[in-house]
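Work the whole structure out from these sequences, hints included.
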Amino acid sequence: MKRKPIHRGGIVSAGYDPTRRYLDVEFDTGRILRCESVGSEVADRFLHSGSPMTYWREEIEDVYTIHEVSARESDEEKPVAKKSIDDLKRLFGDL
Numbered sequence: 001m002k003r004k005p006i007h008r009g010g011i012v013s014a015g016y017d018p019t020r021r022y023l024d025v026e027f028d029t030g031r032i033l034r035c036e037s038v039g040s041e042v043a044d045r046f047l048h049s050g051s052p053m054t055y056w057r058e059e060i061e062d063v064y065t066i067h068e069v070s071a072r073e074s075d076e077e078k079p080v081a082k083k084s085i086d087d088l089k090r091l092f093g094d095l
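Per the working numbering: the sequence shown = residues 1 to 95.
Fair warning: there could be bad hints in the mix.
[Said to hold, decoys possible] With a cut-off of at most 20 Å between alpha-carbon atoms, the simulated DMTMM-like pairs for lysine to aspartate or glutamate come out as follows:
| id | residue 1 | residue 2 |
| --- | --- | --- |
| 1 | Lys2 | Glu73 |
| 2 | Lys2 | Asp28 |
| 3 | Lys2 | Glu68 |
| 4 | Lys2 | Glu41 |
| 5 | Lys4 | Glu41 |
| 6 | Lys4 | Asp28 |
| 7 | Lys2 | Asp44 |
| 8 | Lys4 | Glu36 |
| 9 | Lys4 | Asp17 |
| 10 | Lys4 | Glu68 |
| 11 | Lys2 | Glu58 |
| 12 | Lys2 | Asp17 |
| 13 | Lys4 | Glu26 |
| 14 | Lys4 | Asp44 |
Think of the hints as simulated: they come from the structure by calculation, not from any bench.
Structure follows, in structure tokens:
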């Protein structure tokens with residue numbers, strides 16, 4: 001995913017993938033952390049925050065599943081696997 005430059009509070013860049021609901025955050029240490037299941041409103045508030053590190057600490061860091069990814073993983077645009085009809089039936093039953 002494409003990350004936009006932020007350069008505030010130790011955060012270098014960040015990007016959001018609304019399809020996968022991933023928020024990737026690159027820090028000035030070189031680490032890239034991926035937050036999973038982030039809603040678009042939270043991502044938008046973070047990406048447009050005047051104090052992104054404060055928002056990160058207060059609203060994201062201890063709330064979402066987070067793991068470190070490589071720059072390559074963050075940059076890759078992998079297709080999202082579609083659910084099969086059997087997967088949907090398991091979720092919703094026979095309609």
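Against the structure, the hints come out as follows:
no.: 1; hint: Lys2 - Glu73; result: holds, 11 Å
no.: 2; hint: Lys2 - Asp28; result: holds, 17 Å
no.: 3; hint: Lys2 - Glu68; result: holds, 17 Å
no.: 4; hint: Lys2 - Glu41; result: holds, 18 Å
no.: 5; hint: Lys4 - Glu41; result: holds, 17 Å
no.: 6; hint: Lys4 - Asp28; result: holds, 14 Å
no.: 7; hint: Lys2 - Asp44; result: holds, 14 Å
no.: 8; hint: Lys4 - Glu36; result: holds, 18 Å
no.: 9; hint: Lys4 - Asp17; result: holds, 12 Å
no.: 10; hint: Lys4 - Glu68; result: holds, 18 Å
no.: 11; hint: Lys2 - Glu58; result: violated, 24 Å
no.: 12; hint: Lys2 - Asp17; result: holds, 9 Å
no.: 13; hint: Lys4 - Glu26; result: holds, 10 Å
no.: 14; hint: Lys4 - Asp44; result: holds, 12 Å
Comparing the model with each earlier hint shows a violation of hint 11 alone; every other hint is respected.
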